[in-house]
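With the hints as extra help, turn the sequences into a complete structure.
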Amino acid sequence: MPTILSIKDLRKSYASGFEALKGVSIDIEEGEIIALLGPNGAGKTTLISTVCGITMPTSGSVSVGGYDILTDYRKARSLIGLVPQEIALEPFERVINTVRFSRGLFGKGRKDAAVEDILKRLSLWDKRDAQIRELSGGMKRRVLIAKALAHEPRVLFLDEPTAGVDVELRKDMWDIVEQLRGDGVTTILTTHYIEEAEAIADRVGVIANGEILLVEDKDKLMARMGQKQLDVQLTSQLDTIPPALAGYDLALSNDGWTLVYSYDTKGERTGITKLLTDVAASGLQLRDVVTRQSSLEDIFVSLVRKDEEDAA
Amino acid sequence: MNWSAIRAIYVFEMDRFFRTLAQSLISPVLSTSLYFVVFGAAIGSRIDEVEGVSYGAFIVPGLIMLTVMTQAISNASFGIYFPKFIGTIYELLSAPINFLEIVMGYVGAAATKSMFIGIIILITSFFFVDIQIAHPLAMITFLVLTCISFALFGFIIGIWAGNFEQLQLVPLLIVTPLVFLGGSFYSISMLPPVWQTISMFNPVVYLISGFRWAFFGVADVPITMSLLAIGGFTTLCLGTVWWIFKTGWRIRQ
Chain A
1 MPTILSIKDL
11 RKSYASGFEA
21 LKGVSIDIEE
31 GEIIALLGPN
41 GAGKTTLIST
51 VCGITMPTSG
61 SVSVGGYDIL
71 TDYRKARSLI
81 GLVPQEIALE
91 PFERVINTVR
101 FSRGLFGKGR
111 KDAAVEDILK
121 RLSLWDKRDA
131 QIRELSGGMK
141 RRVLIAKALA
151 HEPRVLFLDE
161 PTAGVDVELR
171 KDMWDIVEQL
181 RGDGVTTILT
191 THYIEEAEAI
201 ADRVGVIANG
211 EILLVEDKDK
221 LMARMGQKQL
231 DVQLTSQLDT
241 IPPALAGYDL
251 ALSNDGWTLV
261 YSYDTKGERT
271 GITKLLTDVA
281 ASGLQLRDVV
291 TRQSSLEDIF
301 VSLVRKDEED
311 AA
Chain B
313 MNWSAIRAIY
323 VFEMDRFFRT
333 LAQSLISPVL
343 STSLYFVVFG
353 AAIGSRIDEV
363 EGVSYGAFIV
373 PGLIMLTVMT
383 QAISNASFGI
393 YFPKFIGTIY
403 ELLSAPINFL
413 EIVMGYVGAA
423 ATKSMFIGII
433 ILITSFFFVD
443 IQIAHPLAMI
453 TFLVLTCISF
463 ALFGFIIGIW
473 AGNFEQLQLV
483 PLLIVTPLVF
493 LGGSFYSISM
503 LPPVWQTISM
513 FNPVVYLISG
523 FRWAFFGVAD
533 VPITMSLLAI
543 GGFTTLCLGT
553 VWWIFKTGWR
563 IRQ
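So the protein lines, in turn, are chains A and B.
Position one of the first sequence corresponds to residue 1 (the working numbering), numbered consecutively onward.
Position one of the second sequence corresponds to residue 313 (the working numbering), numbered consecutively onward.
If you are wondering where the hints come from, they were derived from the structure by calculation, not from laboratory data.
Just so you know, nobody snuck in bad clues.
Mimicking BS3-like on lysine-lysine, the simulated pairs with C-alpha atoms at most 30 Å apart in a straight line are: (1) A/127 to A/171; (2) A/108 to A/127; (3) B/396 to A/111; (4) B/396 to A/75; (5) A/140 to B/396.
To spell it out: a stretch of chain B is covered by chain A in this simulated footprint if at least three of its residues, at any positions, have a beta carbon under 8 Å from a beta carbon of chain A; those stretches are: (6) 314-321; (7) 405-414.
Think of the CB as a built atom: it goes at the ideal place given N, C-alpha and C, for glycine as much as any other residue.
Structure representation (structure tokens):
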């Protein structure tokens, strides 16, 4: 897949001296969905704002579809749609007019069929003549997405799209992103909901303190860094781990009913067979065996913590 | 040039105007009528003709200027300040447009609105006084230039303003006094000599004088001076807007 967005050594310092981006580089392929994960203040919104032209980069370069965002800003920006984090809409304007406005602003001529299609896709067609102030919060978010899609962009930025959004709308939004992928639209979303990245992203980037700590295929990332846990539930309560099992890296649950074994899925041998044999040999009776995969959240927390420790 | 964007901004801004058409029009028509009743009929009946023109007719150009200037400023400043205030400015900044196109959209709409109101006042005044326009072309030129230059000025205020108080500050503390003291309701020649000299430092004097000349052929200052003044003010505003465009002042960090 060709690269649609290329960011090279992007730096942004504000007048206050605060360095929001410290040399970010990333290539994003056409048609992929990439989630940028990071804690508040990590630089996610600054990154998006700089690519979209809302803030000026201090140094570095960004190109969209091969067009530089500074020297070829018209062509670059007309390829981008942006859904901002905050709901910012003219309260007295009508839904359809505000979408038409966005389309015109991005240099596209009036095309009612295109606007109708977008509004229908976002379940806004029935509300097209409503004033924006009459809409619910969820509906307003849909309007923001409709505005961002009004000029048929190739790259869509969603800045925290599902913050404060109910479950149903969140599912709807994920569906919309999936649909857009079908049309070949590249989606870059920032989030601090790990489940969002886990649910829809192809790749995950972790950003903290203005730096990208890692960008990796989501499945690979989870497989590579994924720790698994094996819970061995017993029929009798234990006070301590039996000496026969001391050779294993085992933990005993607080209530004493479960032995917890952590292992690495990428390892050649997980040691499960031997462990279970030894457990049986030591005379313990098994009630149940459960395995758990660590989530992206665990990976994310460990990465960010490591970064903070390195910085300290 | 992204003409489609200029049109989109223009149409969007004009929509706001038409949405509130009643208050956009009723208020200037009502206040103009009140001025005519108070100054034209009540006080004016006791004032002799000013430079060969009845007092009621004499104040018409000043009244139009007064309203057009304040309307152009308030429309343009609000037009660009409001997106900053509610956050929709993100869309303007991320769109494939340059600052000149943003200015053309907002200033064009604000100038059109104030022009519209100016013409409504002129029409209203026909119901109260008998006026002839000696130089229609010059009248239109002055009106258009004033609408554009004050809309540009308003745009600059809207960019500068950090809150609603600041948005009101310049129009209230500077523009209104200058317009009132700029000969809207009197001829500069009616003032004591000292105040005549001081008035010459008020740029609005030149605009009102020129506009009045277009109506009645009489003026406080030579018409070329008036043209230079409005030309100079427009250039100054354009220069400031160009500087804002170059530096991204108060818009783009």
